[in-house]
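Chain by chain, the residues:
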Amino acid sequence: MGLIVWQLRLPRVFLGFFTGAALSLSGAVMQGVFRNPLASPYLLGVAGGATAGAAAVVVLGLRPFIPLPLAAFAGGVLAAFLVMRLSRTELGLILAGIALGSLFSALTSFLFFLAAGHRRLEEILFWTMGSLSRADWKGVGLLAPVVLFGALFLGAWARRLDALSLGEEGARFLGLEPRALRHLLLGAAVFLTASAISLTGTIGFVGLIVPHMVRLILGPGHRCLVPAAALAGGTFLVWADVFARIVLAPAELPVGVVTALVGVPFFLVLLRRAR
Amino acid sequence: MKVKVCRLHVGYDRRNVLEGVDLELKAGEILGVIGPNGAGKTTLLRAMAGALRPSFGVVYLDGKELGQLKPQEVARQIGMVAQVPSVSLDFRVRELVELGRLPHLRPPDRLGPADQSAVKRALRLTGLEELAERPISSLSGGERQRVFLALALAQEPQVLLLDEPTAHLDVRYRLEFLILVRKLVQEGLAVAMALHDLNLAAQFSDRLLLLSRGRVLAQGRPQEVLIPELLEKAFGVKALVLGHPVTGRPWVEFYLPRPNP
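So the protein lines, in turn, are chains A and B. Our numbering numbers the first residue of the first sequence as 186 and each following residue consecutively. Our numbering numbers the first residue of the second sequence as 2 and each following residue consecutively.
The hints are simulated quantities; they were obtained by calculation from the structure and are not laboratory data. Each residue gets a CB set at the ideal place from its N, CA and C atoms; glycine is no exception. One or more hints might be untrue.
To be verified - Sample of chain B residues facing chain A (criterion: CB under 10 Å; computed from the structure):
1) G68
2) E131
3) L132
4) A133
To be verified - Beta-carbon label-pair distances, calculated as ranges:
5) T274(A) / D63(B): 29 to 35 Å
6) H368(A) / D198(B): 37 to 43 Å
7) L288(A) / D171(B): 49 to 55 Å
8) S89(B) / L337(A): 23 to 29 Å
9) E130(B) / L446(A): 44 to 50 Å
10) L299(A) / Q84(B): 17 to 23 Å
11) L337(A) / D198(B): 38 to 44 Å
12) S89(B) / L195(A): 54 to 60 Å
13) P450(A) / S89(B): 26 to 32 Å
I would like the entire structure built from these sequences, with the hints used as guidance.
Encoded structure:
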């Protein structure tokens with residue numbers, strides 16, 4: 186019993202917390218940088234890149250040499266790096282993110298096609314449908330410092346993130362260099378997202394909705410929003426995962442289904458109250 | 002001399018909007034920048050704020066080339082309020098004004114006592130103390146305009162650039178706003194502001210700069226610049242210049258020449 190808690194449940198709780206925190210932080214930054222409430226952690230193609238990275242390793246038979254999380258992380262970061270290299274404006278980034286995201290998901294489908302009947306196929310599917318079922322202490326040990334450092338870093342730059350809301354010119358009049366600032370903040374967000382989903386696969390919705398929930402309660406200032414989004418995102422995903430595990434036990438729902446099922450109604454209530 | 006502009010050529014995508022502009026702006030004076038639409042008023046202010054790189058010519062700030070200074074250094078000395086300032090998030094007034102301290106801070110951008118008092122002073126000067134905790138979205142247009150002025154004042158600049166600061170204000174707020182600017186100038190601030198209302202410009206500026214098609218048509222005291230021949234050349238309509246019966250400043254009316262029968 187103690188072993189189950191220690192080896193299965195507890196790492197899963199921690200992985201859930203840090204993943205939720207990472208995605209929520211990343212979403213808050215994306216929405217701040219793009220001044221767009223629809224921005225999500227996956228805006229720059231990180232999810233597509235991560236899936237393609239994992240798929241490539243599986244299909245090309247590199248599985249024994251390269252750990253899948255590493256491949257997914259590299260794929261996600263590479264996709265976002267390409268997007269940021271390709272475009273200089275805000276709109277350009279969004280469009281390039283969509284374009285490259287599509288390219289990478291087509292690439293993934295192509296790899297699926299090649300791998301039809303492959304016994305490792307479900308390993309690729311894992312990345313398209315996020316889950317915390319592979320949690321172990323090693324993963325927690327990798328992700329925790331990344332998230333803690335990321336949260337501290339973004340907290341320190343929160344006022345500058347606020348200043349981006351004044352637009353390119355407004356930020357420049359305050360002595361900031363908007364393009365460099367944007368890339369720095371996006372880089373941090375990409376790193377957080379890629380780290381998290383390399384261990385869990387793509388979990389939707391947390392990074393899109395949780396920052397909004399926090400914003401509706403605490404206001405838009407990023408100095409409160411950043412730490413609060415991290416805590417709220419982490420807590421939210423832990424409970425969503427508990428729910429996913431017990432509601433149809435012994436079967437397990439994908440946690441992404443639960444985040445949407447639980448999150449949307451809650452979000453709509455908040456939205457109504459804010460009007 | 003706070004700001005000196007020499008032979009400035011500047012524009013967008015290699016097309017020059019300004020060609021060969023010279024001007025000087027001293028501490029304690031208001032320079033009114035006037036001219037028809039498209040003459041380059043906004044471009045001039047942007048270049049003076051260091052937001053545009055000249056293709057030729059130089060902008061000096063206290064004798065130093067603006068392009069050689071770090072953006073943050075420039076922002077410590079020059080504040081600018083854009084024509085239509087906007088903010089995409091619904092901050093409280095105080096939060097927004099606090100952003101004006103960024104040129105003086107480095108991450109984690111915590112406000113020290115000096116920063117707090119600069120913010121307080123900016124709020125006091127603009128009469129926003131009572132509104133400090135209100136969200137921006139709940140303010141009127143005139144109040145919002147004052148918030149962006151407070152943001153620039155929180156920078157504690159020595160030069161303030163205002164682009165059509167009164168465009169969206171009622172008559173009363175227009176005058177109040179400019180009287181406030183006048184007061185700041187008496188404390189040693191140097192102000193350059195673009196205004197399309199020539200009578201307001203005449204009333205509140207120490208000197209005027211008349212721009213037309215990217216060139217300086219005239220520069221000097223209001224009486225020297227607001228003369229019918231120059232105005233007709235710049236604006237392409239007939240101008241009548243009178244003396245204002247109360248303020249004694251030049252008072253301009255435009256009309257189209259009566260068509261010949």
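Which earlier hints turn out false for this structure, listed by number in ascending order?
1, 2, 3, 4, 10, 11, 12
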